[in-house]
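The task is simple: from the sequences and hints, build the whole structure.
Heads up: the sequence shown is residues 0 to 614, going by numbering that gives the first Met the number 0.
One or more of the hints may lead you astray.
To be verified - Label pairs and their calculated CB-CB ranges:
hint : residue 1 : residue 2 : range
1    : A600      : T435      : 44 to 52 Å
2    : K68       : L534      : 44 to 52 Å
3    : R278      : N573      : 35 to 43 Å
4    : R217      : E152      : 43 to 51 Å
5    : A159      : D211      : 55 to 63 Å
6    : L534      : P173      : 50 to 58 Å
Stated by the list, open to error - Derived pair list, reagent style DSS-like, types lysine-lysine, alpha-carbon separation capped at 25 Å:
hint : residue 1 : residue 2
7    : K22       : K149
8    : K149      : K512
9    : K161      : K149
10   : K149      : K68
11   : K115      : K22
Everything labelled a hint here was simulated from the structure, so no lab data went into it. Please read all numbers here as calculations on a predicted model, not as lab measurements. For glycine and all other residues, C-beta sits at the position ideal for the given N, C-alpha and C.
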Amino acid sequence: MSDSSPAPTPRRARVRAPELIGKGGWLNTGGRQYTLADLRGRIVVLDFWTFCCINCLHVLDELRELEAKHRDTLVIIGVHSPKFVHEAEHQAVVDAVERYGVEHPVLDDPELATWKQYAVRAWPTLVVIDPEGYVVAQHAGEGHAHAIEKLVEELEAEHAAKGTLRRGDGPYVPPEPEPTTLRFPGKALRLPSGTFLVSDTTRHQLVELAEDGESVVRRIGSGERGFTDGGPEAATFNEPQGLALLDDGAVVVADTVNHALRRLDPATGEVTTLAGTGRQWMQGEAASGPAREVSLSSPWDVAWWQGRVWIAMAGVHQLWTYDPADGRVSVAAGTTNEGLVDGPGEQAWFAQPSGLAATEDRLWLADSETSALRWVDPDGQVHTAVGTGLFDFGHRDGAAEQALFQHPLGVTALPDGSVAIADTYNHALRRYDPATDEVTTLATDLREPSDAVLAGEDIVVVESARHRLTRLRLPEEAVRVEAVAHRTQRAATEVAPGRLHLDVIFQAPAGQKLDTRYGPSTRLLVSATPPELLLKGDGAGTDLARDLELNPAVTEGVLHVSAMAASCDDDPANEYPACHVHQQDWGVPLRLTERGTDRLALVLAGMDVPPAPLG
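Here it is in structure tokens:
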């Protein structure tokens, strides 16, 4: 297809955008159902996301400024594409849209129909559609907001000149606010006074509730999204989550979207900042040092263990620590690779650790994306009690080696040495007993439980999606449930055994180039589950293309690919060019078949198009 008028920018590859289809329909549109034709004349960014995914939540935050700045020309549409069974429930998507402050239309696509039409391979993926309905760019992972803004500005100028740009109000219609005491609370802590401190996540506050777990004693934080220290009315948070009590009576708060640790003085309500810069940590930055000078990445929970604050750093799949004695932070375990690998802390892999609980000899953690319960011993070794990997989940009791959870977010140490698990997407409270190595179910019909705290002989559960604390008597007998097992519903990519050419596509944004001043600006890490799937080609390197050799004796598995590229402004006159890191992790299910492809293309940024001209 050719343009009738000259474009002010170089011609870019374009393919017709497939229609937007989703069985769950549209949210945040006042009930209206949209087609691409309704959006013609606007620049559209499709954000393929799922609400369990921390990288997707990072991108939601990255897009806020872009959304506000170009509100009259740009329409962002979230295409919700579930990984877990629970995420295919329409009400769960409705809840997530409010929980994470999504202020644009969302298409609920529980059967991944639009995901398949756009050949998406990873959460999150961003697709840019021009005002004439053509796909002009695709980006996987985080760190692309700057590149997309440049492209939006180019498209605005190009289509304004052609007369194909339509300005005006977008299709977003905010939902009516609900008058509940709490709104999607995240974590809770029982204070020495017997009251409960709750992170009221969606309202960006901490709320102290009386011993009944219902009556409000006070609110801490203005309720506006922000990063300000001060008294209880002036301080601001940004989707706070985990809470831990220090020896001096202060409370440490995991201020998740501010990428910070905050300190609350319960006596005065004064809030100060302990750690973090307010910016998200990116690959290549310092991972230890004075706490206020080192960036963090979505700290989700905190626990006091062995004289330090341990941090579930969900955003980079690691455990960090903060030492109040010297005011420093450092990495304690995890490589930043996402998956389930046990062993010494520096070699272990985690997948979005989201809940912590300390006993004398173990730090328990809920590793949400692998639906696993794991623990760290005093020597720093990482162990797995329940869970097998990124794609297996369900609700099954019995021997730990075959038991299943579904995206648990919380863990609580019980008096008898066992632990309770907030099995979030199964709407259940589960129990693991190390003495018997057995998993049982304590309670069901809890709506997205995300944490629990002990109160005498009771356990008080944070029912996040019912916006309340729920008190249960710790039962002597476990509840029996029907056992179910699931695998992530993404279809496997059929590949031929033997040589497979892996090609990670990265095109630097307009006006930028790869930053090679200090060596290679790209990084590629490849591994597989099971490891025997790869005969050659695993490990780290700097080239974004690599030839792999697949083992014909292994019929299916998962290829783990982690890619990073750094690009900087291409202006020789600028001594300090602005640089941006683009990064993404893929877990690609593979099925080996003689008719399969011998090339696997993963788009980090740009377009994977055939060399022949379009038209």
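Now for the hints, and whether the structure bears them out:
{"no.": "1", "hint": "A600 - T435: 44 to 52 Å", "in the structure": "holds (48 Å)"}
{"no.": "2", "hint": "K68 - L534: 44 to 52 Å", "in the structure": "holds (49 Å)"}
{"no.": "3", "hint": "R278 - N573: 35 to 43 Å", "in the structure": "violated (21 Å)"}
{"no.": "4", "hint": "R217 - E152: 43 to 51 Å", "in the structure": "holds (46 Å)"}
{"no.": "5", "hint": "A159 - D211: 55 to 63 Å", "in the structure": "holds (60 Å)"}
{"no.": "6", "hint": "L534 - P173: 50 to 58 Å", "in the structure": "holds (54 Å)"}
{"no.": "7", "hint": "K22 - K149", "in the structure": "violated (33 Å)"}
{"no.": "8", "hint": "K149 - K512", "in the structure": "holds (14 Å)"}
{"no.": "9", "hint": "K161 - K149", "in the structure": "holds (19 Å)"}
{"no.": "10", "hint": "K149 - K68", "in the structure": "holds (12 Å)"}
{"no.": "11", "hint": "K115 - K22", "in the structure": "holds (14 Å)"}
This entry does not satisfy hints 3, 7, going by the numbered hints stated previously.
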